[in-house]
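Once you've looked at the hints, go ahead and assemble the two chains, each given alone in its own frame, into the complex.
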Amino acid sequence: MMKGLKMATLALAFAGPGVAWAQVNADVACEPVDGQQRFVYDCEIMLSEQGKPLEGATIQVGADMPSMPMAHNIAPVTASALDEPGRYAARLKLDMAGEWALRLDVSGPVRDRVVEVLNFE
Amino acid sequence: MDPFLIAVLSNIGMISFLGLSAYVLLLTGGISFGQQAFFGIGAYAAGIATAIWGWPLWMGLAHGAAVGALACAALGAATLRLGGLHFAVATLAFAEMMRLLLGMWRWQVDIAGRLVGPAGTDGFRDIRYIFANGISEMQYFILIWLLLAAAVVLLMLFERTRTGMVWRMIGKDAELARMLGVDVVRHRIAAAALAGALAGVGGALYAHLSTYIEPGMFDPMLGIHGLAYGIIGGLGTPLGPLLGVVVDIGILESSRLFSGYRMIVFGGLVAVILVWRPRGLLDEAFVRRLRGWRPFRSTLEEKGR
Numbered sequence: 001m002m003k004g005l006k007m008a009t010l011a012l013a014f015a016g017p018g019v020a021w022a023q024v025n026a027d028v029a030c031e032p033v034d035g036q037q038r039f040v041y042d043c044e045i046m047l048s049e050q051g052k053p054l055e056g057a058t059i060q061v062g063a064d065m066p067s068m069p070m071a072h073n074i075a076p077v078t079a080s081a082l083d084e085p086g087r088y089a090a091r092l093k094l095d096m097a098g099e100w101a102l103r104l105d106v107s108g109p110v111r112d113r114v115v116e117v118l119n120f121e
Numbered sequence: 001m002d003p004f005l006i007a008v009l010s011n012i013g014m015i016s017f018l019g020l021s022a023y024v025l026l027l028t029g030g031i032s033f034g035q036q037a038f039f040g041i042g043a044y045a046a047g048i049a050t051a052i053w054g055w056p057l058w059m060g061l062a063h064g065a066a067v068g069a070l071a072c073a074a075l076g077a078a079t080l081r082l083g084g085l086h087f088a089v090a091t092l093a094f095a096e097m098m099r100l101l102l103g104m105w106r107w108q109v110d111i112a113g114r115l116v117g118p119a120g121t122d123g124f125r126d127i128r129y130i131f132a133n134g135i136s137e138m139q140y141f142i143l144i145w146l147l148l149a150a151a152v153v154l155l156m157l158f159e160r161t162r163t164g165m166v167w168r169m170i171g172k173d174a175e176l177a178r179m180l181g182v183d184v185v186r187h188r189i190a191a192a193a194l195a196g197a198l199a200g201v202g203g204a205l206y207a208h209l210s211t212y213i214e215p216g217m218f219d220p221m222l223g224i225h226g227l228a229y230g231i232i233g234g235l236g237t238p239l240g241p242l243l244g245v246v247v248d249i250g251i252l253e254s255s256r257l258f259s260g261y262r263m264i265v266f267g268g269l270v271a272v273i274l275v276w277r278p279r280g281l282l283d284e285a286f287v288r289r290l291r292g293w294r295p296f297r298s299t300l301e302e303k304g305r
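Each protein sequence line maps, in turn, to chains A and B.
Numbered per our numbering, the first sequence spans residues 1 to 121.
Numbered per our numbering, the second sequence spans residues 1 to 305.
Because the hints were derived from the structure by calculation, they are not lab data.
Please read these numbers as outputs of a predicted model, since none were measured by experiment.
It is possible that some hints are incorrect.
[Claimed, not checked] One side of the interface only, derived from the structure: several residues of chain A facing chain B at Cβ under 10 Å: (1) 62; (2) 68; (3) 85.
Built from N, CA and C at the ideal position, the CB exists for glycine as well.
Chain B on its own, in the form it takes in the complex (with noise of 0.2 Å):
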């Protein structure tokens, strides 16, 4: 396969989990302009445990994403009481603090002759795992893609449980799943966990594969196009966000169409989508109609037999 392409799919893959943060944190009302700090979270947290810990490449995912969910999930609980518009004022500000922090923060190891660690707005370079351990990029597109196909199925099957009926029932109306007897406190901590956990595995995926990290990578641009994907994909499956990544990196940047102007394109598209779809694409009611579609229709009723 083109080596350009493998890097494309690769970049659809890894971005795609921020798509899917945003869209859990969606499934329950919250709109978030900050996930991108749970993004670059999760890359600083698996490159200091491979490139400085040494620790192998699947501890160093599992802890981009740990420090990722923990980070996500009190966030989460210091901003239950907000909602709407304030929710996500406070989640683009916990962002911008988290950006300005990782610029002001040094912590570089002598590592073999050579400093490994963060450098403030320098960044952090040499996460040379894959190239190290001979991974080649085939074989690492191969792994994101196997990851975010696990992810998506997990979602999709976590959505028929009772738990994420439950989830998308706040997100309509917390009030009344409140009303209703629903813990909403302890169901949207749990949302933002896994929204950061999933922001966490993309950003530490996207460390290794780049090999260099900076705070400036992780600023609101990274976030609205995290959110946009779900808006534009839809908020009826966790297909939605993959289908928005899939129109903006896959159709618009690939096709270098618009070139520089792909930005003010994109941001046309994202305002054409909300006032056409106002759910996205992918939205609850076009799933509806699929689900009622005759060959899956025929496969339910079978098995309400």
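One chain only, chain A, in its complex shape (with noise of 0.2 Å):
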């Protein structure tokens, strides 16, 4: 707890600026699941980071309401890898219909967070 404390202290008086740098880009489409119940969705994520399919990596899939930020997400789920080079999959258990924020995080060869906002119906 001290040394995460520190860390944090120090990160906070010493990092240097904001720098640019190769990210992850990601583009997510989501479909109802048949026969399951309201609000289930199964999404495709292709991830890709400067040009090329980024594999390997695992993304914990979040989501929240822009409408209500901090106030209203759901638990996120571990996506698992298709056959497809890049592409991944995660079955989504939403509260209710309207556009939500999906958040990706992505660790293994790079860490970023995506923020993609669908409208589901």
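Structural data, given as structure tokens:
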């Protein structure tokens, strides 16, 4: 705990200016799952970095509603890798229809957070 | 620690700044439905500072707080003559105006081949300071709570000062305070500036953790929550709004007890508490009783000697 606290303080005090770097891009498409309860969706995620498919990444997919930031979000699920390089799948169970911001936390070869806003009917 | 727990606790910390912001205005008698505007202004100001200007995080946070303070002080000065319902409506109107303006504002800069900056209703992406600088979610969570703890402690100390007592006096009866020679105008503008700074810091922290902000996030729902946290938690201590946030996000939201019906439950809870304890769970009377409790009283008595 103390180590984390010291590191956070150091990061705040001495971190240099923000820099641009090769970051992850994502394309996300979600479809409702047939025969399931309402608001359950299968999402396919295509990840790329510098134009190339990003393989071997671990993706945690969370979601919250932009209309209620911080106050309405779902627990993240881990996406599974599909056969095609850079393609992943995750099943989401949302609370209600509307606009949701999907939060993709990428770790592994690179660490990044990508947010994609989608409208769920 | 579980990543979702860290995320929830970080959310509790960040939205607590909004609750504290509304609380500071409530102290001086101002009911604001518009603190989400300063949360949003702080988020945009800090995001621009780090993502476009390349400032370090601490300067981005300070920039968010300063711009939030300036904007809220300006609104406070413009609405000085208003009170009660008129002030509440004016703050709501200002917040909606800001949200619409942010929805029209496009200012993107090419940074290493990517357009970065506010893009109207498409939002402001790539506020990636913490990812670019290897700051983990855990470290950022600690930073959020350190800043929140500092804000709460400073507010508690401030409330014990003469100025803090004057602010409560203004909140109870501004006319009486004016008759006693208090410069109500100056104090209300100062309170507005402090409230704006608190909301601005919260927004600045949120922008960097989320990496993405959009004007739709700063709608009246967020402001009503911020106000409700003070009303639920109580106006007797700065810990009140934190209790309100814990009840809403920590218990109702995180437990998924009521799923999509949470907002209805939350609204009902606010209504019940307004009837049962009009000044919240930790109201002034409760805090006074707590201070009169033997361990506290004996400490105070010893200090008195």
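Hints and how they fare:
Because the beta carbon of residue 62(A) sits about 7 Å from the nearest beta carbon in chain B, less than 10 Å, this interface hint is met. Interface restraint check for residue 68(A): the shortest CB-CB distance to chain B comes to about 6 Å, inside 10 Å, so the restraint holds. Evaluation of the residue 85(A) hint against chain B yields a violated restraint, the C-beta minimum of about 23 Å exceeding 10 Å.
Violation of the numbered hints given earlier is confined to hint 3; every other hint is satisfied by the structure.
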